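There are 2 protein chains.
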Amino acid sequence: MKPYTELTKEELIALKSELETEFEDVKGKGLNLNMSRGKPAAAQLDMAEGLLGIISKNEDAFAEDGTDCRNYGVLTGLPEARKLMADMCEVSPDKVIVYGNASLSIMFDTVSRSFARGVAGCTPWCKLDHVKFLCPVPGYDRHFGVTEYFGVEMINVPMTPEGPDMDLVEKLVAEDDSIKGIWCVPKYSNPQGYTYSDETVRRFARLQPAAKDFRIFWDNAYIVHHLYDEEERQDHLLNIIEECEKAGNPDLVYEFVSTSKISYPGAGIAALVSSKANLEEAKQYMNFQIIGHDKLNQLRHVKYYKDMDGIKAQMTKHASIMRPKFETVLQVLEEELGGLGIGSWSKPNGGYFISFDAMEGCAKKIVAKAKEAGLTMTGAGATFPYHKDPKDSNIRIAPSFPTPEELALAGKIFVLSVKLVSIDRILGDME
Amino acid sequence: MKPYTELTKEELIALKSELETEFEDVKGKGLNLNMSRGKPAAAQLDMAEGLLGIISKNEDAFAEDGTDCRNYGVLTGLPEARKLMADMCEVSPDKVIVYGNASLSIMFDTVSRSFARGVAGCTPWCKLDHVKFLCPVPGYDRHFGVTEYFGVEMINVPMTPEGPDMDLVEKLVAEDDSIKGIWCVPKYSNPQGYTYSDETVRRFARLQPAAKDFRIFWDNAYIVHHLYDEEERQDHLLNIIEECEKAGNPDLVYEFVSTSKISYPGAGIAALVSSKANLEEAKQYMNFQIIGHDKLNQLRHVKYYKDMDGIKAQMTKHASIMRPKFETVLQVLEEELGGLGIGSWSKPNGGYFISFDAMEGCAKKIVAKAKEAGLTMTGAGATFPYHKDPKDSNIRIAPSFPTPEELALAGKIFVLSVKLVSIDRILGDME
Chain A
1 MKPYTELTKE ELIALKSELE TEFEDVKGKG LNLNMSRGKP AAAQLDMAEG LLGIISKNED
61 AFAEDGTDCR NYGVLTGLPE ARKLMADMCE VSPDKVIVYG NASLSIMFDT VSRSFARGVA
121 GCTPWCKLDH VKFLCPVPGY DRHFGVTEYF GVEMINVPMT PEGPDMDLVE KLVAEDDSIK
181 GIWCVPKYSN PQGYTYSDET VRRFARLQPA AKDFRIFWDN AYIVHHLYDE EERQDHLLNI
241 IEECEKAGNP DLVYEFVSTS KISYPGAGIA ALVSSKANLE EAKQYMNFQI IGHDKLNQLR
301 HVKYYKDMDG IKAQMTKHAS IMRPKFETVL QVLEEELGGL GIGSWSKPNG GYFISFDAME
361 GCAKKIVAKA KEAGLTMTGA GATFPYHKDP KDSNIRIAPS FPTPEELALA GKIFVLSVKL
421 VSIDRILGDM E
Chain B
1 MKPYTELTKE ELIALKSELE TEFEDVKGKG LNLNMSRGKP AAAQLDMAEG LLGIISKNED
61 AFAEDGTDCR NYGVLTGLPE ARKLMADMCE VSPDKVIVYG NASLSIMFDT VSRSFARGVA
121 GCTPWCKLDH VKFLCPVPGY DRHFGVTEYF GVEMINVPMT PEGPDMDLVE KLVAEDDSIK
181 GIWCVPKYSN PQGYTYSDET VRRFARLQPA AKDFRIFWDN AYIVHHLYDE EERQDHLLNI
241 IEECEKAGNP DLVYEFVSTS KISYPGAGIA ALVSSKANLE EAKQYMNFQI IGHDKLNQLR
301 HVKYYKDMDG IKAQMTKHAS IMRPKFETVL QVLEEELGGL GIGSWSKPNG GYFISFDAME
361 GCAKKIVAKA KEAGLTMTGA GATFPYHKDP KDSNIRIAPS FPTPEELALA GKIFVLSVKL
421 VSIDRILGDM E
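Chains as they are written, first to last, in our numbering: chain A, 1 to 431; chain B, 1 to 431.
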């Protein structure tokens with residue numbers, strides 16, 4: 001098939017009519033599918049069944065050091081839970097605080113704390129006229145939501161397959177002391193599935209920000225979330241904690257991790273990984289916010305996974321479910337859109353998303369078109385601060401939740417929507 | 001025995017010497033007991049064993065409406081969990097949001113939100129020069145900690161057996177629009193075990209604060225925590241939500257409850273109860289802070305307790321353990337200190353504490369003395385904002401955690417400490 005832009009007006013009109021018939025046909029199948037979020041499928045959750053009842057007797061409820069996990073206390077998390085999360089991040093347990101079920105809450109509270117009380121003895125952000133964050137785009141909507149909630153001014157930084165444009169990051173943080181942070185999903189990034197290169201990580205670790213209270217918000221959400229078992233098809237990310245230490249910038253980064261997509265999105269455990277000084281500040285806040293997070297759930301995770309081998313084994317099982325879904329979507333995209341010049345997409349080795357870039361000005365219309373046929377996708381623009389994609393081009397595809405059958409149909413609806421909207425766009429340009 | 005103040009100097013010196021011998025004797029028993037917090041005893045926690053494993057198969061993990069509680073979603077809590085907490089508070093479920101394991105976090109986040117974004121469209125508190133809270137004293141140290149963390153100026157309001165001094169509360173909130181809140185533990189108050197009278201609750205509901213964004217922080221921590229099964233020995237608290245509605249002030253109050261001392265302190269569920277407008281504001285914040293709290297744990301509670309009858313049955317069992325402990329302490333106090341004029345104490349029908357008022361200037365010394373013999377009590381002053389008890393008189397006794405045997409010894413240590421410190425005080429006055 002020729003690229004659409006090389007077709008004549010007549011060819012396009014004929015094609016459009018054909019595609020419209022096809023679209024009406026798939027619309028008639030009455031799909032009602034929400035593919036908007038990166039939700040694990042029920043089949044993945046079923047795999048952690050052993051976690052559910054692993055504590056079922058009173059005598060099961062005690063930590064290794066004898067702590068009664070049912071009662072109050074242990075602000076920074078059970079030692080064995082800290083060790084498990086530390087092993088996942090390849091750091092020592094004293095660099096880890098284990099929280100409740102949501103790393104998003106740790107990020108939110110970290111920003112909230114910076115506003116209320118400041119960071120490293122600097123002026124609380126709520127007392128400043130301007131607080132800015134760098135936002136690699138496309139990125140994760142909930143990150144941008146947190147900073148938007150607090151009135152932070154967000155500055156787009158383009159993503160590349162190596163990570164954010166580091167020339168721009170270095171320049172901006174060096175010259176503007178109102179830039180206080182940057183949102184990063186460094187491994188299998190949301191939505192592109194890119195992993196930051198070693199050089200990018202090292203440049204992050206060596207940043208020299210004008211603001212003393214500038215911090216990297218390193219959301220390592222997909223740290224063990226590979227699609228392939230073969231080592232050579234797994235991305236490798238440098239250890240940012242170690243790199244920051246080596247660079248003499250130990251306090252520069254907050255790393256966030258969770259088991260949301262290892263055990264359960266609704267009932268996992270989450271952790272903050274950082275330097276001693278940063279954890280000390282976090283503890284000051286926690287000390288007033290809570291007596292202790294749910295230790296029974298921390299203990300469940302430790303008893304069930306035991307160690308990194310346990311976690312890796314679980315993730316291999318997850319991959320066996322995720323991989324065919326990603327491959328289905330990628331195959332449909334390749335077969336149906338390859339060579340047409342109306343879209344490009346990422347081909348990740350892990351994570352939860354495929355990023356699709358439509359022709360400029362088409363993303364919103366494509367998402368609306370798919371919705372007509374019962375397919376809800378992530379809102380166009382959601383991958384940018386303030387929901388404003390300057391090119392109206394990026395669409396996040398989240399293949400994890402649907403069944404393979406639903407996914408095949410959803411793929412069809414999506415490519416038809418892309419084709420129809422793109423034809424209109426090209427026809428419009430001809431007028 | 002005569003009151004100590006009526007004894008001669010010689011009698012006091014002789015008595016002191018006798019008591020010192022006794023003190024050395026109990027000190028020799030090598031007690032190492034922490035009675036500083038209101039922690040349930042292991043025997044109480046054992047009673048909820050059925051809760052632990054009530055969800056152990058994949059098919060158990062679904063809510064009544066089919067929601068997969070393992071996955072993301074349901075920001076405001078499972079409908080059946082909202083109903084359970086609503087029934088406890090005698091309100092409709094639409095007035096309830098169910099959170100994670102800590103009502104303290106809901107309170108903290110409510111204050112945090114008021115600072116960051118303001119309340120009811122008013123200026124965010126972080127932009128104000130003065131933010132003040134009224135603090136009925138003695139009160140709960142962690143409440144005062146939250147407001148201290150955010151730099152709130154705290155104003156003491158004396159407690160009475162009917163609740164806070166309402167003449168003062170009414171006057172202060174009417175004349176000072178920088179007063180934004182008041183901390184209340186309205187039932188079996190911490191530490192005195194007082195329950196606000198109907199008249200007090202109605203006066204709260206009818207408050208006319210100068211600040212539109214003034215809110216009552218109604219921490220109903222001991223809502224079903226009676227010591228006695230007989231109805232006539234249970235305190236009854238008016239429903240503040242209902243009273244505020246009746247008074248035309250539906251948005252005046254935030255009520256906080258939890259199952260921390262029903263199921264588990266470390267792994268219970270907590271709720272915010274308030275008007276539609278107030279919950280809407282809370283949801284705005286939650287919407288950015290978290291995707292959803294731990295629904296599996298909410299479901300465990302619903303499956304285990306089923307309804308208020310289930311909760312009441314559990315609380316009757318708790319009372320059977322708590323009651324003899326309270327009675328032991330009260331008996332030691334009465335037998336050893338009754339009529340001596342060196343202390344007075346509350347005799348609550350529920351809750352977790354007994355409040356002891358020593359002679360002025362003696363509380364810190366008594367707590368230090370008890371510590372000498374291995375008994376750690378709540379720090380003197382902790383029941384006041386900034387840890388400053390102006391009379392250095394109030395001591396919080398927390399009888400729940402020790403075994404009955406430990407408690408008997410602890411009681412002995414405490415009364416000896418009171419006697420010795422009081423004699424020194426009286427002798428000092430004689431000089």
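Treat the hints as calculated values from the structure; they're not laboratory data. Among the hints, erroneous ones may be present.
To be verified - Once the Cα atoms are required to be at most 20 Å apart in a straight line, the calculated PhoX-like pairs of lysine-lysine come out as:
(1) A:303 with B:276
(2) A:16 with A:371
(3) B:283 with B:246
(4) A:371 with A:83
(5) B:212 with B:171
(6) B:127 with A:127
(7) B:365 with B:388
(8) A:57 with B:317
(9) B:83 with B:306
(10) B:412 with B:364
(11) B:57 with A:317
(12) A:171 with A:212
(13) A:57 with B:29
(14) B:364 with B:391
(15) A:27 with A:276
(16) A:57 with B:303
Unchecked claim - Restraint ranges, calculated between C-beta atoms of paired labels, are given here:
(17) A:306 with B:248: 41 to 49 Å
(18) A:310 with B:59: 17 to 25 Å
(19) A:376 with B:160: 52 to 60 Å
This structure is a prediction, so every number in the text was calculated from the model and none was measured. All C-beta atoms, glycine included, are put in the ideal place defined by N, C-alpha and C.
Hint check:
1. A:303 with B:276: Measuring from Cα to Cα gives roughly 41 Å; hence the hint is violated.
2. A:16 with A:371: 19 Å, holds
3. B:283 with B:246: Outside the cut-off at roughly 25 Å; violated.
4. A:371 with A:83: 45 Å, violated
5. B:212 with B:171: It holds: about 16 Å lies between the C-alpha atoms, which stays within 20 Å.
6. B:127 with A:127: 8 Å, holds
7. B:365 with B:388: 14 Å, holds
8. A:57 with B:317: Given pair residue 57 (chain A), residue 317 (chain B) holds - Cα atoms ~19 Å apart, limit 20 Å.
9. B:83 with B:306: Cα-Cα ~10 Å, so holds.
10. B:412 with B:364: 18 Å, holds
11. B:57 with A:317: 19 Å, holds
12. A:171 with A:212: 16 Å, holds
13. A:57 with B:29: 34 Å, violated
14. B:364 with B:391: Measuring from Cα to Cα gives roughly 10 Å; hence the hint holds.
15. A:27 with A:276: Outside the cut-off at roughly 56 Å; violated.
16. A:57 with B:303: 17 Å, holds
17. A:306 with B:248: 41 to 49 Å: Given range 41 to 49 Å: violated, Cβ gap about 58 Å.
18. A:310 with B:59: 17 to 25 Å: With Cβ atoms ~24 Å apart, the hint holds.
19. A:376 with B:160: 52 to 60 Å: Taking Cβ atoms as reference, residue 376 (chain A) and residue 160 (chain B) lie about 58 Å apart, which means the hint holds.
Hints 1, 3, 4, 13, 15, 17 from the list above are not met by this structure, while the remaining hints are.
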